[in-house]
Amino acid sequence: MTTDLDAAEQLSSAPKEDNGGGGDVGIGLLGWLRWMWRQLTSMRTALILLFLLSLAAIPGSLVPQTAASPTKVADFVAKHSTLAPIYQKLGLFHVYSSFWFSAIYLLLFISLAGCIVPRTWQFVGVLRAQPPAAPKHLVRLPVYATWRSAGTGTSADAERTLTAAESLLRRRRFRVARSGDAITSEKGYLREVGNLLFHISLFGMLIAFAVGKLFGGMGTVLVIEGKAFSNNVAMYDDFMPSTFYTADSLVPFGFKLDKFEATYQASGTQVGTARTFQANVSYWTGSDPSKAVKASIQVNHPLAIDGSNVYLTAHGYAPVFQVTDAKGDVVFDGPTPCLPQDGNITSTCAIKVNDGYVDNKGNATQLGISGLFTPTAAPASEFKTTGPHSVFPDLLDPHMYLTVYHGDLGNNSGAPQSIYELDTKHMTQYTVDGQPLKFDRQPGQGFKLPSGGTVTFTGVEQWANFTVAHNPGTGWALISAVMAVVGLIGSLFVQRRRIWVRAVEGPDGATTVEIAGLARSESARIAEELADLALALQDTAPADLPDEPEDPAAGNTATTAAEKE
Amino acid sequence: MILAQAAIDTKFANISNILVYSAMAVFLLAFLAYTFEWTFGGRSRVARQSAALAAKAGASLGQAVADAEAEGAAARTAPTVAVKVTGAGGGTTTLTRTVAAKAGKVDVVTRGDAAPPVDGVGASGGDEGADRFGRIAVSLTTLAALLDLCAVVTRGISAHRPPWGNLYEFTVAVTMVASLLFVVLLAAGKNVRWMGLPVTFGSVLGLGLAVSVFYVDSEQLVPALHSYWLWIHVSGAMVCGGALYAGAVAAMLFVAKDVYESRKAKDLVKRGGWWSDVFERLPAAATLDKWSYRINAFVFPLWTFTIIAGAIWAEAAWGHYWEWDPTETWAFITWVAYACYLHARATAGWKGRKAAILVFIAFACYLFNAYGVSIFINGKHSYAGI
Ligand code: HEM
Numbered sequence: 001m002t003t004d005l006d007a008a009e010q011l012s013s014a015p016k017e018d019n020g021g022g023g024d025v026g027i028g029l030l031g032w033l034r035w036m037w038r039q040l041t042s043m044r045t046a047l048i049l050l051f052l053l054s055l056a057a058i059p060g061s062l063v064p065q066t067a068a069s070p071t072k073v074a075d076f077v078a079k080h081s082t083l084a085p086i087y088q089k090l091g092l093f094h095v096y097s098s099f100w101f102s103a104i105y106l107l108l109f110i111s112l113a114g115c116i117v118p119r120t121w122q123f124v125g126v127l128r129a130q131p132p133a134a135p136k137h138l139v140r141l142p143v144y145a146t147w148r149s150a151g152t153g154t155s156a157d158a159e160r161t162l163t164a165a166e167s168l169l170r171r172r173r174f175r176v177a178r179s180g181d182a183i184t185s186e187k188g189y190l191r192e193v194g195n196l197l198f199h200i201s202l203f204g205m206l207i208a209f210a211v212g213k214l215f216g217g218m219g220t221v222l223v224i225e226g227k228a229f230s231n232n233v234a235m236y237d238d239f240m241p242s243t244f245y246t247a248d249s250l251v252p253f254g255f256k257l258d259k260f261e262a263t264y265q266a267s268g269t270q271v272g273t274a275r276t277f278q279a280n281v282s283y284w285t286g287s288d289p290s291k292a293v294k295a296s297i298q299v300n301h302p303l304a305i306d307g308s309n310v311y312l313t314a315h316g317y318a319p320v321f322q323v324t325d326a327k328g329d330v331v332f333d334g335p336t337p338c339l340p341q342d343g344n345i346t347s348t349c350a351i352k353v354n355d356g357y358v359d360n361k362g363n364a365t366q367l368g369i370s371g372l373f374t375p376t377a378a379p380a381s382e383f384k385t386t387g388p389h390s391v392f393p394d395l396l397d398p399h400m401y402l403t404v405y406h407g408d409l410g411n412n413s414g415a416p417q418s419i420y421e422l423d424t425k426h427m428t429q430y431t432v433d434g435q436p437l438k439f440d441r442q443p444g445q446g447f448k449l450p451s452g453g454t455v456t457f458t459g460v461e462q463w464a465n466f467t468v469a470h471n472p473g474t475g476w477a478l479i480s481a482v483m484a485v486v487g488l489i490g491s492l493f494v495q496r497r498r499i500w501v502r503a504v505e506g507p508d509g510a511t512t513v514e515i516a517g518l519a520r521s522e523s524a525r526i527a528e529e530l531a532d533l534a535l536a537l538q539d540t541a542p543a544d545l546p547d548e549p550e551d552p553a554a555g556n557t558a559t560t561a562a563e564k565e
Numbered sequence: 566m567i568l569a570q571a572a573i574d575t576k577f578a579n580i581s582n583i584l585v586y587s588a589m590a591v592f593l594l595a596f597l598a599y600t601f602e603w604t605f606g607g608r609s610r611v612a613r614q615s616a617a618l619a620a621k622a623g624a625s626l627g628q629a630v631a632d633a634e635a636e637g638a639a640a641r642t643a644p645t646v647a648v649k650v651t652g653a654g655g656g657t658t659t660l661t662r663t664v665a666a667k668a669g670k671v672d673v674v675t676r677g678d679a680a681p682p683v684d685g686v687g688a689s690g691g692d693e694g695a696d697r698f699g700r701i702a703v704s705l706t707t708l709a710a711l712l713d714l715c716a717v718v719t720r721g722i723s724a725h726r727p728p729w730g731n732l733y734e735f736t737v738a739v740t741m742v743a744s745l746l747f748v749v750l751l752a753a754g755k756n757v758r759w760m761g762l763p764v765t766f767g768s769v770l771g772l773g774l775a776v777s778v779f780y781v782d783s784e785q786l787v788p789a790l791h792s793y794w795l796w797i798h799v800s801g802a803m804v805c806g807g808a809l810y811a812g813a814v815a816a817m818l819f820v821a822k823d824v825y826e827s828r829k830a831k832d833l834v835k836r837g838g839w840w841s842d843v844f845e846r847l848p849a850a851a852t853l854d855k856w857s858y859r860i861n862a863f864v865f866p867l868w869t870f871t872i873i874a875g876a877i878w879a880e881a882a883w884g885h886y887w888e889w890d891p892t893e894t895w896a897f898i899t900w901v902a903y904a905c906y907l908h909a910r911a912t913a914g915w916k917g918r919k920a921a922i923l924v925f926i927a928f929a930c931y932l933f934n935a936y937g938v939s940i941f942i943n944g945k946h947s948y949a950g951i
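Order-wise, the sequence lines are chains Z and A.
So for the first sequence, the numbering used here puts the first residue at 1; every next one is plus one.
So for the second sequence, the numbering used here puts the first residue at 566; every next one is plus one.
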């Protein structure tokens, strides 16, 4: 194949693959580095890396992830004593921040950069230069047509044909260049633009993602109705900072949970399924709560306050208890959030009376009340098989099932304690005649403790859990993603193609017109496009002469066409 | 207590269920009709016909010259010009136009024309009886697709929301998309009747699984799904599902036909046998490959968009647009697999069967994401409802 044909057939500015041979690679470190760079930025390596990336993503979906659910990871570790340490070593509990996952995508993006930069330059070069000159033998191109025309008999027929072809192609928005007896035209540069745009957008997405990971952070907080939250680390139950988002980065704002509202499916097979959740809040920016504004937060509708979004993520009940000691002094009075266990919000509670309680012998002790809360209690007849549980998530028939301990709550042991669980290691259960003391109480009811105090279940409030997230770079990620789709559409559906026209006047005064086209294999339209052009050219150069048998290109089109490259 | 605001209209829900069963039955009938078409389609007659067709294509050299001369002569009598295009698909089109001067004819020749892909004659093999079955099958498919559409619409009416809020509804809607797509392509005059058998098979299978395994009553949505993104994100996933099924089936047929063609080239097939009989009636491997590529390339941007829509929704619902939730992860894996396929197609050396294998992997990822992850892996996507 001639080199001019080679040049003509280069329809993409994709760099040529040098299949690992590395012919011109010198020796020494520089040579090696260059070789490695070539390998890294080759399309094949990019494909392999891409494939590896998806393989590497799989374990993260099968093994519990710390980022998603630390409790599941703890569960897993407890259950698999041999596997867990191996997983730990391999970073399988945090796949997406593991060194090997990061290594793959960093290599991929280096490879991508190595691809984009030279291609962009090359493409700019293509745009500035003329389309490549017509190859000598147009007949060798994938799509080809020729005819002879006696024309009008005047001279310069060939010239007129070329001029006509030029304007026809221009009208079809081809870029046209003339060289000698032929014109070259090209169209569909948007394919390349789209391709570059897509790959650059991928880069943009990565950067936006990295910005989010480095400069973003979040925290969660449980707020009981009527209580307020203000944005500082001390208020959070759980604060997840990042490299550049720390306790000092928190801007002052706050909100108060006025009321939490929920509706549930009341009938049908999905009875009890939540339908709406809504937290009505008053929020303020800055540190002045008196400037509060009312708003509501729902699932899917976070509240944006001063660069952060506040999401409603969970809710539950907080029974209110009043505890008096043997002397009748109120030592505890307030709500305690309980942890929902099922869809009907059967919840476990741990009410901790840390100080102030003095029993009838005058001894100070701590009290722990362990309880099960049911917003709508199942009938007692069902307890035998399933124990007390809730049958509906709304407050239709709230009950509290309680047992009480006294002794040391273990707060001072230093180990972190769950607010939902009682550590009864150093506590003693109250008993009557050797049987543990158990109560089933509704709001308003209470009971007396053997040590002289009283416990009253005064009412139920609701709590809501909020996630406060600061996600910089989200807008950029979105813009990049949209650009990526736009680029993708251009890159997949625009067809880049070339059309050549040559018109030569023979010694007999007749003009031989040759047209040829080239497109990427995925586009079959080029033949129709060429036919259209051939048809349009008939005005200037009508096909009215039989092909001369001695003409090498014509007469045996079928043969030449059959010629395989 | 605040009751659910809008009650479920059980009348429409029941109608929807009846429609789903009807659609399933009609799909099954259509499937049987296609099977009859393939079974009774011209057998030995086919062999003869396709041989004749192949001969015609093979004889292009001598014939083309003769044709050209004859047409050329004819053209010279009338003041028209004819441009004959032999496309890569083996089909020819002729553009004509009246011109002022006396006119001739021009041949646009596509390189590689010596062996243009010869598509099989179709399931009926030219047999009239079989063709009648085929046409009955097409009518039944159309009817079933419409029943399916009505089932989806009534389900939506009954629940006052987009009718794809759980795995059951998603599956029903995907079969609707796939079958409607097929019917629309047929109506647009595309030669896709060969897809009838796999499309109806998939629809019967999908609906069967939907009613037996995934079924849930028509209900309102859990709050997490309460968003207009449900319209955008899930319907995107659905359309992708229907189309990707078609793309995977085309790739599967391509591999089968490609194996057949290469065995035939080596004279390894028993001519006139049952398999060769069926394969002869399928479109050419190149045509099947082209279909598969077109469908998958068309779906890829849509799938990208679906993932982006999901990410925007995640940002609104969970606080971050990407948290490697299992469903997100598998959507990403699926996306990468299809990207690999497109890259592979664009790079030399990975065309044909190797690329088709990538389609199978990618589609398997899609299926696993839609069903496996929803059912077996507990993520934040609380979609299955089962
Ligand atoms: C990160 C994920 C990537 C995705 C999803 C992706 C996707 C795509 C798509 C859809 C195309 C269009 C295929 C076509 O023209 O038919 C394409 C083309 C291309 N990509 Fe990528 N790409 C990725 C990474 C890369 C990387 C890292 C490189 C560089 C090593 C690269 C190099 C190319 C080249 C050279 C082409 C053009 C092929 C041609 O025009 O012949 N891609 N890419």
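Worth flagging that the hints you see were computed from the coordinates, not collected in a lab.
Note that beta-carbon positions come from the ideal geometry of N, C-alpha and C, so glycine has one too.
Hints are not guaranteed to be accurate.
Calculated pairs, SDA-like style, for lysine to any residue (alpha carbon to alpha carbon, straight line, at most 20 Å) [stated by the list, open to error]:
1) K136/Z with Q495/Z
2) K855/A with I305/Z
3) K256/Z with F203/Z
4) K72/Z with E888/A
One side only, chain A facing chain Z, incomplete, derived with CB under 7 Å [said to hold, decoys possible]:
5) V671
6) V673
7) S777
8) P866
9) G884
10) V901
Per label pair, the in silico range of CB-to-CB distance [stated by the list, open to error]:
11) L770/A with K425/Z: 31 to 39 Å
12) L62/Z with W796/A: 27 to 35 Å
13) F941/A with T385/Z: 23 to 31 Å
14) L62/Z with K919/A: 25 to 33 Å
15) L932/A with Q435/Z: 51 to 59 Å
16) I207/Z with R828/A: 27 to 35 Å
17) L770/A with Q442/Z: 26 to 34 Å
18) I922/A with R175/Z: 36 to 44 Å
19) V749/A with R172/Z: 46 to 54 Å
Agreement of hint V901/A with chain Z interface, Cβ distance less than 7 Å: Nearest chain Z Cβ about 4 Å off; hint holds.
Between F941/A and T385/Z, does the beta-carbon spacing fit 23 to 31 Å? Hint holds: Cβ distance 29 Å, inside 23 to 31 Å.
Are I922/A and R175/Z spaced within 36 to 44 Å by their CB atoms? Since the Cβ atoms of I922/A and R175/Z sit about 39 Å apart, the hinted range of 36 to 44 Å holds.
Under the criterion of a CB-CB separation shorter than 7 Å, is V671/A in contact with chain Z as hinted? Since the shortest Cβ distance to chain Z is 5 Å, the answer is holds.
Hint check: is the beta carbon of G884/A less than 7 Å from a beta carbon of chain Z? holds (4 Å)
Range hint 27 to 35 Å (beta carbons of I207/Z and R828/A) holds or violated: violated (51 Å)
Does I305/Z lie within 20 Å of K855/A when you go C-alpha to C-alpha? violated (52 Å)
Return holds or violated for the Cβ distance of L932/A and Q435/Z against the range 51 to 59 Å. Given about 57 Å between the Cβ atoms, the range holds.
Under the criterion that the straight-line Cα-Cα distance not exceed 20 Å, is the pair K136/Z, Q495/Z satisfied? violated (24 Å)
For the range 25 to 33 Å, tell me whether the beta carbons of L62/Z and K919/A fit it or not. holds (27 Å)
Quick one, is the S777/A hint okay against chain Z at 7 Å, beta carbons? Because about 16 Å separates S777/A from the closest Cβ in chain Z, which is outside the 7 Å limit, the hint is violated.
Are K256/Z and F203/Z close enough, with their CA atoms no more than 20 Å apart? Since the Cα atoms of K256/Z and F203/Z sit roughly 41 Å apart, the hinted pair is violated (cutoff 20 Å).
Checked against the numbered hints above, the structure violates hints 1, 2, 3, 7, 11, 16, 17 and 19; every other hint is satisfied.
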